[in-house]
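Okay, here's what each chain looks like letter by letter:
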Amino acid sequence: MQPMIKVENLTKRYAGVTALNGLSFEVQRGEIVGFLGPNGAGKSTTMRILTGFIPASSGRVTVAGCDVFEESLEVRRHVGYMPENNPLYTDMRVYEYLKFRAKLKGLSRADRHERTDEVLAMCGLTDVRTRIIGQLSKGYRQRVGLADALLAEPDLLILDEPTIGLDPVQIRQVRQLIKDLGKQHTILLSTHILPEVEMTCDRVIIIHHGRILASDTPENLTKTLQAGGAIRVEVRGPVADVEAKLRAVEGVASVRTTPGADGFVSVEISPKTDADPREPIYRTCVANGWTLRELTRTRTTLEDIFVQITREEDEADEERRERRRSMLR
Amino acid sequence: MRNVPALLRRELSAYFASVLGYVVLMFFLIVMGVTFAVVVNFLSSRGPTQMTAMVILFRMFWLPALVVIPAITMRLLAEEKRAGTLEMLMTAPVTDFEVVLAKWLGAVVLYALMWGLTVFYVLILKHFSGGTAVLDLGPIAAGYIGVLVIGQFLIALGLLSSSLTKNQVAAALMSFALIFLCVIVLNWLSFLFQGGVMGSICRAVSAFEHIEDFGRGIVDLRPLVLYGIGTAVALFITTRAVESRKWR
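Keeping their order, the protein sequence lines are chains A and B.
Counting in this note's numbering, the first sequence runs from 1 upward without gaps.
Counting in this note's numbering, the second sequence runs from 1 upward without gaps.
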């Protein structure tokens, strides 16, 4: 089966600025994919190209098998899009707006009625259906945007920062809604909030400076980087002894000790790649009669990965620039 | 063109969902009402003249046009661009031209509605002329056609201005300047170059000359074609300007 989204070598240049630099990725049917990147990474630009709002400078993009540039209208019929900041006609009433959008999306008169009521219920908007959009809270407006994206039962939902500016309760509601929708739709959402991706997405694409840095499931990304995750140990014992004996444990790469005031020593252990020396550490402590108060592996969050990857990238950039500068001199 | 009715309905409801539509009608009725009263008073205090009240009123079309048309067209595209709603609109399965056409039509309908209210003046004239003078409805109908034909072109110019900027005030000033050039300045030029070839060219395209003819009941095909082409060109450029996001 053809993928829902296929992006090949996508490049977008604005006057003097390269927003996207050779982006390639695929999204399969039924996937929920999170687009992750700092502000200005190129997330919104990619989404605007996918929805046919702006064209690419070069590269090929197909949605549901249709070229986004050649068959733009056809692509738009397949896509439900919620742009960044969720722009709406603030002078219209909720149901009025949705009916108008349903008409534009080509729903028949009978469907229009039914679908509007359906999405109103789905997004929890039934109580505010006669309110003017401009008078609604941000959370409700966000839901109006979502309801609009859902109207034509699109194969693909593209949501640009769907939870931005919401309060924690609303964020949770929107995330739950997205998760539920993921059962029937393919979803591509962008965000720079990491827990969001961890919670809702099957796959994460990390994008920075218009390039893809990583693309994997949140678990795999975490696992790959967790291999280097530190182990924290707190034991009561002589500092020098603790350090020497723990260093000797198999699978331990390095040990750093900090004596505490209460007689306990906190130890920071970096394990070797792919090793998990927690059990031997425990046995060593028992064999020496040290009291063990803590033994934890610090979980690498997506946030760490994200910061790490983007930082490595920036440092590499900086290095290249430095080299170029020195060559010019 | 499938989406034009839906878009047009949205445009019309937007005028009357905000105060804009009502303020525009109020402004127009005050200006034209006072003008009408003064004209009738003036005409009835003198003997028979060649002018009728409605012809004078039609010749006053430039006054509301200069103010009202920038006011009703300035927000059409500028606001959509500034608020980002253009992105919503253009990612729905509608073409750029459908959007432009619906916006132009919406403003034209409002403008027609506005002038439509002056039909009451005709009824007032008919009632109070008391049979002493016969009201000739033909030239009056032709006058309305003239006002509408010129107005729809000026609205296309206003829409064009609105498509060039995100700033509504800038759009309003731009369309004011364009309307001023097309109506007032052309008229001055035709006086300036009186007699020469330039003068006759300016007179041929001057809106004041056209409205005079229409007011006398002459529905000439030439101004109709002129304004039709003008509107087509303006709407074409507007569509291009909306599309410009794609090649900028």
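Hint data in this document are derived by calculation from the structure and do not stem from the laboratory.
It is possible that some hints are incorrect.
The calculated EDC-like cross-link candidates involving lysine to aspartate or glutamate, where the alpha carbons are at most 20 Å apart (straight line), are [unchecked claim]:
| hint | chain 1 | residue 1 | chain 2 | residue 2 |
| --- | --- | --- | --- | --- |
| 1 | A | K272 | A | D314 |
| 2 | A | K99 | B | E243 |
| 3 | A | K138 | A | E96 |
| 4 | A | K99 | A | E71 |
| 5 | B | K246 | A | E96 |
| 6 | B | K166 | A | E96 |
| 7 | A | K183 | A | E26 |
| 8 | B | K246 | B | D220 |
| 9 | B | K246 | A | E71 |
| 10 | A | K138 | A | D91 |
| 11 | A | K179 | A | D67 |
| 12 | B | K166 | B | D96 |
| 13 | A | K99 | A | E70 |
| 14 | B | K246 | A | E70 |
| 15 | B | K246 | A | D117 |
| 16 | B | K81 | A | E26 |
| 17 | B | K81 | B | D96 |
| 18 | A | K245 | A | D202 |
| 19 | B | K246 | B | E11 |
| 20 | B | K166 | B | D220 |
| 21 | B | K81 | B | D136 |
| 22 | A | K99 | A | D67 |
| 23 | B | K246 | A | D202 |
| 24 | B | K81 | B | E243 |
| 25 | A | K183 | A | D167 |
| 26 | A | K99 | B | E11 |
| 27 | A | K6 | A | E70 |
| 28 | A | K99 | A | E31 |
| 29 | B | K81 | A | E84 |
| 30 | B | K166 | A | E84 |
| 31 | A | K138 | A | D111 |
Beyond 12 Å from chain A on every Cβ pair, some chain B residues (computed) [unchecked claim]:
| hint | residue |
| --- | --- |
| 32 | P5 |
| 33 | A83 |
| 34 | M88 |
| 35 | M90 |
| 36 | A142 |
| 37 | L186 |
| 38 | N187 |
| 39 | V197 |
Keep in mind that this is a model prediction, so the values were computed, not measured.
In this text, a Cβ means the ideal position worked out from N, Cα and C, and glycines have one as well.
Now for the hints, and whether the structure bears them out:
Simply put, A/K272 and A/D314 have alpha-carbon atoms about 26 Å apart, too far for the 20 Å limit, and the pair is violated. A distance of roughly 26 Å separates the Cα atoms of A/K99 and B/E243; the hinted pair therefore is violated under the 20 Å criterion. This hinted pair checks out: A/K138 and A/E96 have alpha carbons roughly 18 Å apart, not beyond 20 Å. Between A/K99 and A/E71 the alpha-carbon distance is near 25 Å, which puts this suggested pair outside the 20 Å criterion.
About 30 Å separates the Cα atoms of B/K246 and A/E96, which puts this hinted pair outside 20 Å; it is violated. Simply put, B/K166 and A/E96 have alpha-carbon atoms about 26 Å apart, too far for the 20 Å limit, and the pair is violated. At most 20 Å may separate the alpha-carbon atoms for a hinted pair to count; A/K183 and A/E26 meet this at roughly 19 Å. Of the supplied pair hints, the one linking B/K246 and B/D220 is violated, its CA atoms being roughly 41 Å apart against a limit of 20 Å.
Note on B/K246 and A/E71: the hinted pairing holds, with a Cα-Cα distance of about 15 Å set against a maximum of 20 Å. Among the hinted pairs, A/K138 with A/D91 is consistent with the structure: their alpha-carbon atoms are about 15 Å apart, no more than 20 Å. Between A/K179 and A/D67 the CA atoms are separated by roughly 28 Å; this puts the pair beyond 20 Å, and the hint is violated. The straight-line distance between the Cα atoms of B/K166 and B/D96 is roughly 17 Å, inside the 20 Å bound, and the hint therefore holds.
Proposed proximity of A/K99 and A/E70 is contradicted: the alpha carbons are some 28 Å apart, above 20 Å. The straight-line distance between the Cα atoms of B/K246 and A/E70 is roughly 13 Å, inside the 20 Å bound, and the hint therefore holds. Restraint check: the Cα-Cα separation between B/K246 and A/D117 comes to about 35 Å, which exceeds 20 Å; the hinted pair is violated. The suggested pairing of B/K81 with A/E26 is violated, with an alpha-carbon distance near 31 Å, which exceeds 20 Å.
Taken as a hint, the B/K81 and B/D96 pair is honoured in the structure, with Cα atoms around 13 Å apart against an allowance of 20 Å. Restraint check for A/K245 and A/D202: the C-alpha separation of about 42 Å exceeds 20 Å, so the hint is violated. Between B/K246 and B/E11 the alpha-carbon distance is near 24 Å, which puts this suggested pair outside the 20 Å criterion. Proposed proximity of B/K166 and B/D220 is contradicted: the alpha carbons are some 38 Å apart, above 20 Å.
For the hint linking B/K81 to B/D136, the alpha-carbon distance of about 47 Å lies beyond 20 Å, and the restraint is violated. Distance hint between A/K99 and A/D67 is unfulfilled; the C-alpha atoms sit about 28 Å from each other, more than 20 Å. Restraint check: the Cα-Cα separation between B/K246 and A/D202 comes to about 32 Å, which exceeds 20 Å; the hinted pair is violated. The suggested pairing of B/K81 with B/E243 holds, with an alpha-carbon distance near 12 Å, which does not exceed 20 Å.
A threshold of 20 Å between alpha carbons decides the hint, and for A/K183 with A/D167 the separation of about 25 Å lies outside it, so the pair is violated. As the CA atoms of A/K99 and B/E11 are separated by approximately 14 Å, the hinted pair is consistent with the 20 Å bound. Between A/K6 and A/E70, the direct Cα distance comes to roughly 15 Å. Compliance with the 20 Å bound is thereby established for this hinted pair. The straight-line distance between the Cα atoms of A/K99 and A/E31 is roughly 29 Å, outside the 20 Å bound, and the hint therefore fails.
Note on B/K81 and A/E84: the hinted pairing holds, with a Cα-Cα distance of about 14 Å set against a maximum of 20 Å. Straight-line distance between C-alpha atoms of B/K166 and A/E84 comes to about 18 Å, which keeps the hinted pair within the 20 Å bound. About 28 Å separates the Cα atoms of A/K138 and A/D111, which puts this hinted pair outside 20 Å; it is violated. Residue placement check: B/P5 does not keep its beta carbon more than 12 Å from all beta carbons of chain A (closest about 8 Å).
The Cβ of B/A83 sits about 5 Å from the closest Cβ of chain A, inside the 12 Å cut-off, so the non-interface label is violated. Against chain A, the non-interface label of B/M88 is violated: not every CB pair exceeds 12 Å, the least being about 6 Å. Residue placement check: B/M90 does not keep its beta carbon more than 12 Å from all beta carbons of chain A (closest about 6 Å). For B/A142, the shortest C-beta to C-beta distance to chain A comes to about 37 Å, beyond the 12 Å cut-off, and the non-interface label holds.
No beta-carbon of chain A comes within 12 Å of the beta-carbon of B/L186; the shortest separation is about 37 Å. Every beta carbon of chain A lies more than 12 Å from that of B/N187, the smallest distance being close to 38 Å; the non-interface claim holds. Listed as a non-interface residue, B/V197 keeps its Cβ farther than 12 Å from every Cβ of chain A; the least gap is roughly 45 Å.
Violation of the numbered hints given earlier is confined to hints 1, 2, 4, 5, 6, 8, 11, 13, 15, 16, 18, 19, 20, 21, 22, 23, 25, 28, 31, 32, 33, 34, 35; the remaining hints are satisfied by the structure.
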